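Q: The chain contents come next:
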Amino acid sequence: MTTLIADTTTVFSRELRPLLRDPFTIIFSMVQPLVFLALFTPLLPDEGGNALQWFVPGIIVMSCLFACSMTGSNLLFEIQTGSHERMLVTPLRRPALLIGRALKEIVPMFAQAALIVVVCLPFGFRFDPLGAVIGLAILAAFCVGLGALSYTLALASKNQEWLFWTVQQTLLFPLLLLAGVLLPIENGPGWLRALAAGNPLSYVVDAERALFNGDIWASTTLGGVIAAAVVAVIGLLVGVRAMRRSD
Amino acid sequence: MIETRGLTKHFKDVRAVDGIDVTVRAGELVALLGPNGAGKSTTLRMLTTLIPPTSGTATVAGFDVVRRQREVRLRIGYIGQGNGAGHSQRGRDELISQGRAYGMSVRDARARAAELIESLGLAEVADRRVSSLSGGQRRRLDIAMGLIHAPELLFLDEPSTGLDPQNRANLQEHILALRARHETTIVLTTHYLDEADSMAERVIVIDHGRIIADDTPQRLKDEHVGDRILLGFDAETDAAGAAGVLRAERQGKQVLLHLPDAPRRAPVVLEDLRAAGYPAAEIEVTRPTLDDVFLHLTGRSLREGGAATDKELVEV
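Residue numbers (full-length UniProt numbering), protein chains in the order written: chain A, 1 to 247; chain B, 1 to 316.
Okay, chain A solo, but in the shape it has when bound (with noise of 0.2 Å):
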């Protein structure tokens, strides 16, 4: 008999396992960032050397953004192709078909963040060993709740794709630019402020810029981590709603 932990697994397995039988796919993801971070850092304002400090941890949250918020289109080539209705008659539960899933996010995120680093390290970018971890964690939990609301958006644009890259595109540049990931937002007018106050993202960029410059004790690591939890917990109760409605 199988448990709600053995069949996430079983889900979370399954996923993952094309991107390790091809691991090119991931690699063609991560080079995406890298043009941001090659094109784009030469135009930031270099005061002692310090823009990659700045520019690399929003890239690294912009990295998971993207490819978080585009997940649910794997899920959504399986509804129309059919692998998505076989598993809804096996008897896999509903909330282990969303959380194996979302779960998954986590670990391309590892692959690209750690990437994106070492990438950087050669051109001067260094980091704090624990406060690195710290942000990873908090990028995990962000990137599993992003990851459950595309799916939750993949199942209510069933029978409609034009749904779900409509939504996806329409919120996903507002949000990269309301969190300040490529320009700050500390000089924008006060409207912009407000509207990036109550974006979750705002915290999570300024809680990684934070915590891989090694300011682990300080309350952007606590904004991140709040943050980053209410995406997570929002995104699985949906999602595993939206899932167990699915057919």
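These aren't lab readings, by the way, just hints derived from the structure by calculation.
All of these numbers come straight from a predicted model, not from anything done at the bench.
Mixed in with the good hints, there may be bad ones.
[Said to hold, decoys possible] Footprint (simulated), chain B over chain A, 3 or more residues, beta carbon under 8 Å:
no. : segment
1   : 154–160
2   : 187–195
[Unchecked claim] Some chain A residues near chain B, calculated using beta-carbon distances under 10 Å:
no. : residue
3   : Thr2
4   : Ala6
5   : Asp7
6   : Ser13
7   : Pro18
8   : Asp22
9   : Thr25
10  : Ser29
11  : Gln32
12  : Asn74
13  : Glu85
14  : Arg86
15  : Met87
16  : Leu88
17  : Val89
Cβ atoms here follow ideal geometry from the backbone N, Cα and C, with glycine treated the same way.
For this one, chain A is given, so just place chain B on it according to the hints.
A: Same frame as chain A, but now just chain B:
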């Protein structure tokens, strides 16, 4: 194995399934036959716990499909219209994770996957990406997925749609072999008449969400249409004489005779006519198809495009 009472499904204003009562006993092979949109798939989706009925009840493998979904799911296999195996996956991986989904140990799942890969002739492609497989190979992989836990009851939704005739025949053989070996109860939907005819021992004809006939293919044909003999004569007077002898309808130089077991009795009819002095010039023996049955029941044909029928035209 299956028992439904007043099983009904409404989608907004559409009565997709409208009060179906059906009983399927263990070991039966039943085909649900009907045109597209008749309610076959919706019925199957209710029986496999994918969608809840609007009203009515269904018990599958001993458990209620609404209240005991998990018990039902553990006992049935389902091969849907799409591809069960994920296109980015490898076939063998999918079989093993399917086994895990049913609570098998990794070792058992591996062994069972290897067994099914062998018996369904998938050895060469099982470790390739599913997206690179041909339609027929993917379909056999789907069948393997549905069988991983050796279910006592197997549902197949349009199993051979989209396959070429050779792959269809191949698939039908696999399904029949499976049944012969494991005595699996099988319920399949199809709109291929020959498939229902050659495979099923029992055909349930569905139209507009209702069952309009339910019997063996042979009895459906005998009861609703029956065999026919069409005789052609050189002269209208011969035809008239023959129609009198046979007590059959005549139209011009042709006589139409309804006669059970017609192929066996046709030679006798010819001899009788010769003896009576009205020799026939032409004979056509027509055995009914399930399409004729459907046509008789609904006034519409199931056939899309004119495929060959069982007609044999013989010059005498």
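Q: The structure should be examined with respect to each hint, and the outcome stated for every one.
A: Status of each hint after checking the structure:
1. 154–160: violated (count 0)
2. 187–195: violated (count 0)
3. Thr2: Holds, about 4 Å.
4. Ala6: Holds - the Cβ of Ala6/A comes within 10 Å of chain B, reaching about 8 Å at its closest.
5. Asp7: 7 Å, holds
6. Ser13: Interface hint status for Ser13/A: holds (7 Å vs cutoff 10 Å).
7. Pro18: 4 Å, holds
8. Asp22: Hint on Asp22/A: holds, closest Cβ of chain B at ~8 Å, below 10 Å.
9. Thr25: 8 Å, holds
10. Ser29: 14 Å, violated
11. Gln32: 20 Å, violated
12. Asn74: Nearest chain B Cβ about 8 Å off; hint holds.
13. Glu85: With Cβ-Cβ at 5 Å, under 10 Å, it holds.
14. Arg86: 4 Å, holds
15. Met87: 7 Å, holds
16. Leu88: 6 Å, holds
17. Val89: 4 Å, holds
Consistency note: the structure conflicts with the earlier hints numbered 1, 2, 10, 11.
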